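Protein chains in written order, with the numbering used here: chain A, 9 to 122; chain B, 3 to 116.
Keep in mind that the hints were calculated from the coordinates and are not lab data. All of these numbers come straight from a predicted model, not from anything done at the bench. Be a bit skeptical, because a hint or two may be false.
Said to hold, decoys possible - Heads up, simulated SDA-like pairs for lysine to any residue below, C-alpha to C-alpha not over 25 Å straight-line:
{"#": "1", "chain 1": "A", "residue 1": "Lys-66", "chain 2": "B", "residue 2": "Gly-97"}
{"#": "2", "chain 1": "B", "residue 1": "Lys-11", "chain 2": "B", "residue 2": "Gly-42"}
{"#": "3", "chain 1": "B", "residue 1": "Lys-11", "chain 2": "A", "residue 2": "Thr-94"}
{"#": "4", "chain 1": "A", "residue 1": "Lys-57", "chain 2": "B", "residue 2": "Gly-42"}
{"#": "5", "chain 1": "A", "residue 1": "Lys-57", "chain 2": "B", "residue 2": "Asp-40"}
{"#": "6", "chain 1": "A", "residue 1": "Lys-57", "chain 2": "A", "residue 2": "Val-120"}
{"#": "7", "chain 1": "A", "residue 1": "Lys-77", "chain 2": "A", "residue 2": "Asn-49"}
As the list claims (entries may be wrong) - In silico contact screen, one side only, chain A against chain B (beta carbon under 7 Å); selected entries:
{"#": "8", "residue": "Tyr-47"}
{"#": "9", "residue": "Pro-48"}
{"#": "10", "residue": "Gly-51"}
{"#": "11", "residue": "Leu-54"}
{"#": "12", "residue": "Phe-98"}
{"#": "13", "residue": "Ser-114"}
{"#": "14", "residue": "Gly-115"}
Unchecked claim - Here are some chain A residues the structure puts well away from chain B; computed CB gaps all over 12 Å:
{"#": "15", "residue": "Val-21"}
{"#": "16", "residue": "Phe-75"}
{"#": "17", "residue": "His-90"}
{"#": "18", "residue": "Gln-121"}
{"#": "19", "residue": "Pro-122"}
No residue lacks a Cβ here, since even glycine has one placed at the ideal position from N, Cα and C.
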Amino acid sequence: AQSVTQLDSQVPVFEEAPVELRCNYSSSVSVYLFWYVQYPNQGLQLLLKYLSGSTLVKGINGFEAEFNKSQTSFHLRKPSVHISDTAEYFCAVRVPTGRRALTFGSGTRLQVQP
Amino acid sequence: NAGVTQTPKFQVLKTGQSMTLQCAQDMNHEYMSWYRQDPGMGLRLIHYSVGAGITDQGEVPNGYNVSRSTTEDFPLRLLSAAPSQTSVYFCASRGRSGEAYEQYFGPGTRLTVT
Numbered sequence: 009a010q011s012v013t014q015l016d017s018q019v020p021v022f023e024e025a026p027v028e029l030r031c032n033y034s035s036s037v038s039v040y041l042f043w044y045v046q047y048p049n050q051g052l053q054l055l056l057k058y059l060s061g062s063t064l065v066k067g068i069n070g071f072e073a074e075f076n077k078s079q080t081s082f083h084l085r086k087p088s089v090h091i092s093d094t095a096e097y098f099c100a101v102r103v104p105t106g107r108r109a110l111t112f113g114s115g116t117r118l119q120v121q122p
Numbered sequence: 003n004a005g006v007t008q009t010p011k012f013q014v015l016k017t018g019q020s021m022t023l024q025c026a027q028d029m030n031h032e033y034m035s036w037y038r039q040d041p042g043m044g045l046r047l048i049h050y051s052v053g054a055g056i057t058d059q060g061e062v063p064n065g066y067n068v069s070r071s072t073t074e075d076f077p078l079r080l081l082s083a084a085p086s087q088t089s090v091y092f093c094a095s096r097g098r099s100g101e102a103y104e105q106y107f108g109p110g111t112r113l114t115v116t
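Input sequences plus hints: build the corresponding full structure.
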């Protein structure tokens, strides 16, 4: 079975500052990795995904993430955040075969302050 | 395309009542799933389906039933509602190939059981 740990439940940051949201996973097999964003009272939207290849993945809205296999991490970064980035961010994994459903972390609430 | 639609958006039930949460997708996706979202716990898989006529249990299936008679629809039934089922419910769908790596989420149904 897979599991995902998001180490920070809340991350407050000032506008235009850089941010890193941490994600670690556990799996006995290779996985696909995802970051989703949830704006208030909305569903989830895919930010970016890692399937294979380059370990640095770029997504929408200026976000990027780096897959580190030795540390089983997939941290999300943005060099300069905006007020509009205030949302909850979920890291998720999925194995390529079998159930094919996502296993989510508990989420990190990013609060961007002016 | 409407994507993934869910009805109702909000629902209040009394303990012991039953109801069906509706989910439909118009993308001809084979895979559909139901998640519940609770504070501090991320999203947890309730049931999923890999095609019409095929369903299986996820992490937290107790108290819920599903069926998949068509590709488009995947309703979730609460048999006898309990306060522990107060949550936000998300339906999701995914194709088999091409953009199969992205799971599309509906806007959610906020359920309160009193």
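Status of the hints after comparison with the structure:
1. Lys-66(A) / Gly-97(B): The hint holds at about 22 Å.
2. Lys-11(B) / Gly-42(B): Judged against 25 Å, a Cα distance of about 22 Å means the pair holds.
3. Lys-11(B) / Thr-94(A): holds, 23 Å
4. Lys-57(A) / Gly-42(B): holds, 23 Å
5. Lys-57(A) / Asp-40(B): Measuring from Cα to Cα gives roughly 24 Å; hence the hint holds.
6. Lys-57(A) / Val-120(A): With Cα atoms ~23 Å apart, Lys-57(A) and Val-120(A) stay inside 25 Å; holds.
7. Lys-77(A) / Asn-49(A): violated, 34 Å
8. Tyr-47: Not OK, violated: Tyr-47(A) not within 7 Å of chain B, min 11 Å.
9. Pro-48: Because about 12 Å separates Pro-48(A) from the closest Cβ in chain B, which is outside the 7 Å limit, the hint is violated.
10. Gly-51: Cβ of Gly-51(A) sits 4 Å from chain B, so the hint holds.
11. Leu-54: With Cβ-Cβ at 5 Å, under 7 Å, it holds.
12. Phe-98: With Cβ-Cβ at 6 Å, under 7 Å, it holds.
13. Ser-114: holds, 4 Å
14. Gly-115: Cβ of Gly-115(A) sits 5 Å from chain B, so the hint holds.
15. Val-21: holds, 20 Å
16. Phe-75: holds, 14 Å
17. His-90: The assertion about His-90(A) holds, with a minimum of 23 Å to chain B.
18. Gln-121: holds, 22 Å
19. Pro-122: holds, 26 Å
Violated hints for the displayed structure, listed by number in ascending order: 7, 8, 9.
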